[in-house]
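K.L.:
Going down the list, the sequences are from chains U and S.
The numbering of the first sequence is our numbering, which starts it at 1 and goes up by one.
The numbering of the second sequence is our numbering, which starts it at 425 and goes up by one.
Please keep in mind that the hints were generated in silico from the structure rather than gathered at the bench.
Being a predicted model, the structure only gives us computed values, none of them experimental.
The beta-carbon is built from N, C-alpha and C at its ideal position, and this holds for glycine as well.
Incorrect hints may have been included.
[Claimed, not checked] Quick look at which bits of chain U chain S covers, simulated, 3 or more residues with Cβ under 8 Å:
#, region
1, 154-166
2, 316-329
3, 335-341
4, 346-356
[To be verified] Listed next, the in silico DSSO-like pairs over lysine-lysine satisfying Cα-Cα at most 30 Å (straight line):
#, chain 1, residue 1, chain 2, residue 2
5, U, K221, S, K558
6, S, K472, S, K498
7, S, K531, U, K234
8, U, K234, S, K558
9, S, K558, U, K36
10, U, K263, U, K36
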Amino acid sequence: MSADVDDRPVADPSSPDPMPDNSLGGIVRAYLAKLKGGEVGSLPAVLGLVALVVVFSALRPEQFTNSFNFANLIGQSAGVTVLAMGLVFVLLLGEIDLSAGFAGGTCAGVLGVFLTRQEWPLLPALLAALISGAVIGLLIGLLVARLGIPSFVVTLAAFLGLQGVLLSMIGEGGTIPYRNDFINGLNNSNLPVWLGWALAVVCIVGYAATTYVADARRRAKNLTVQPVLLWALKAGLLTVVVLAVVGYLSVERSRNPALTSLKGVPVSLLVIVGLLIVLTFMLTRTAWGRHVYAVGGNAEAARRAGINVFRVRLSCFVLCSTMAAVAGIMIASRTNSVNPNTGGETTLLYAVGAAVIGGTSLFGGKGRVIDAVIGGTVVAVIDNGMGLLDQPQGTVWMVTGLVLLVAASVDALSRRRASATGHV
Amino acid sequence: MSPLLELRGVEKSFGAVQVLRGVDLSVRAGRVTALVGDNGAGKSTLVKGMAGIHLFDSGDYLFEGEPVKVTNPKDAAALGIEVVYQDLALCDNLDVVHNMFLGREMKRLRLVDEDTMEQRARETLDGLSVRTLKSVRTPVASLSGGQRQTVAIARAVLWNSKLVVLDEPTAALGVAQTEQVLRLVRRLADNGLGVLLISHNLNDVFEVADDIAVLYLGRMVGQIDAASTTRGRVVEAITTGVVPEGGAA
Chain U
1 MSADVDDRPV ADPSSPDPMP DNSLGGIVRA YLAKLKGGEV GSLPAVLGLV ALVVVFSALR
61 PEQFTNSFNF ANLIGQSAGV TVLAMGLVFV LLLGEIDLSA GFAGGTCAGV LGVFLTRQEW
121 PLLPALLAAL ISGAVIGLLI GLLVARLGIP SFVVTLAAFL GLQGVLLSMI GEGGTIPYRN
181 DFINGLNNSN LPVWLGWALA VVCIVGYAAT TYVADARRRA KNLTVQPVLL WALKAGLLTV
241 VVLAVVGYLS VERSRNPALT SLKGVPVSLL VIVGLLIVLT FMLTRTAWGR HVYAVGGNAE
301 AARRAGINVF RVRLSCFVLC STMAAVAGIM IASRTNSVNP NTGGETTLLY AVGAAVIGGT
361 SLFGGKGRVI DAVIGGTVVA VIDNGMGLLD QPQGTVWMVT GLVLLVAASV DALSRRRASA
421 TGHV
Chain S
425 MSPLLELRGV EKSFGAVQVL RGVDLSVRAG RVTALVGDNG AGKSTLVKGM AGIHLFDSGD
485 YLFEGEPVKV TNPKDAAALG IEVVYQDLAL CDNLDVVHNM FLGREMKRLR LVDEDTMEQR
545 ARETLDGLSV RTLKSVRTPV ASLSGGQRQT VAIARAVLWN SKLVVLDEPT AALGVAQTEQ
605 VLRLVRRLAD NGLGVLLISH NLNDVFEVAD DIAVLYLGRM VGQIDAASTT RGRVVEAITT
665 GVVPEGGAA
């Protein structure tokens, strides 16, 4: 049989996947080719983050870079980041959830009502809050996926409605304090220094070992696999970042160490990393996760392939609102109380912005959970850094808006570039 | 040997419009049967009925000589009938392996078994002598039209299917890629599968088909042996609904 005709050079038939160039140069070239093809991923966000950190460090070397502010920044960003992680699932479908912020506030309010007013034990109160989130997501998901109402409208209505629910639950001008150490510790306390280091080692070794074993198995089966050098680079980068972060957070950062000692990895960072690992696992290793991408990429194709599109849509909305409940609790934990504005104001907008800045596409089908973490950090750095520059809130919002606009433009441009070169 | 698939006297109406009037069709294993006909002749309705998307109003549906009931696409898939629609129904954002296993992911310990899926995808493509896909891990968006068609066809044969129905597989392709897809169609039949090829393009039909079934306004004009007929006769059958002398099989 003659060789097949095609518009591109055909690789040696005996090895269908051409031997990848495993040298450093090859890896760099492959990555550059990906970028040129429009697959920029989180690179713009990471570069932006580096630029912002450099600028703020230069302008406010004392205040911005000290480890107290660094830990503070993590606590400030935790709520928005967790919210953004949930939003990624809805955005992957090409949908939006405008109500997630107040869904979080409402669930935090539910927690406050049961925990403080009704004096329930922690676990049932916490469960009630999380279930409230799931029910909100279920209702939104049913309206969107079953009745076909655009998610923009449904969640806009839910945004207004939940704002009302939260207000009437708490009362005008009121607050519900949290008096539970566990809940207040979520976004205020720190892990013991040794535990931080132990978890860091577990993270690094766990990542390096599992990916190495998986790669080795694939190599033995002659499947496509990343070069060992690339694995080493990734594992090395992770090691440097994790050790640097944990090291910096393990420094004494209290202004008056004799009075109270402040050191160790914030619990909020543990929550973020834990959720990041679990959600990423769900999205990349389960059939459900593949189906989320499929529905976001081509819902009709997914339907014809026998995927229950309705159920996938519904589950994403439920997950998003449940994550919103966690986010709401994180936000309320920061101030040890819930008020009618918890999860309101810019929370939701920052969270959507964080997911998009991190590289999740608003057009659906493209995005990762880690995008939310990277984007959430960018948003938090802007907010925090501008505050230290004594800029009025007006300027902070204008700059954040500008950054979001740049991120959305990068998304749109990279898509154009991608469709021109035939990438996603 | 009985045909792989046989339809006898199939009828289908949508309200007052009768789309299929007593259509007979047989598809044999190892042969490419082309289904031709002008727009509105009922080709799509016939295929959708076979695939279980529509129900035939009356008539017999036999598969491997046995009467069967196909009431939804799952029944058709269970029999081993796979349809590759014209729009291919691929997810651009997923790679070749994930598209081939879309909705039917292989699992190990309840998790997606990427290794086995990739191996099987590779084996299936090799079995079809597909050499045009550089990596099965490229996203489908970056493939050419012919490569995408190849992926869609490979997906159809992945599940030990017996009959593959191809709806206009070359409609959007250039010359070289049409050639590549037609060779693949031929290979399917050579591998022992029954192939039903729906096409407007008589060049394609005469290049790969073993027999040609002509539909005209919902009637089956006849199923003609491709080797014993000519283009002119087929065109006449498509446009007039009558098989010229000496063309019937």
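K.L.:
Okay, which hints does this one fail, numbers in order?
P.N.:
Hints 1, 2, 3, 4 and 10 contradicted; others consistent.
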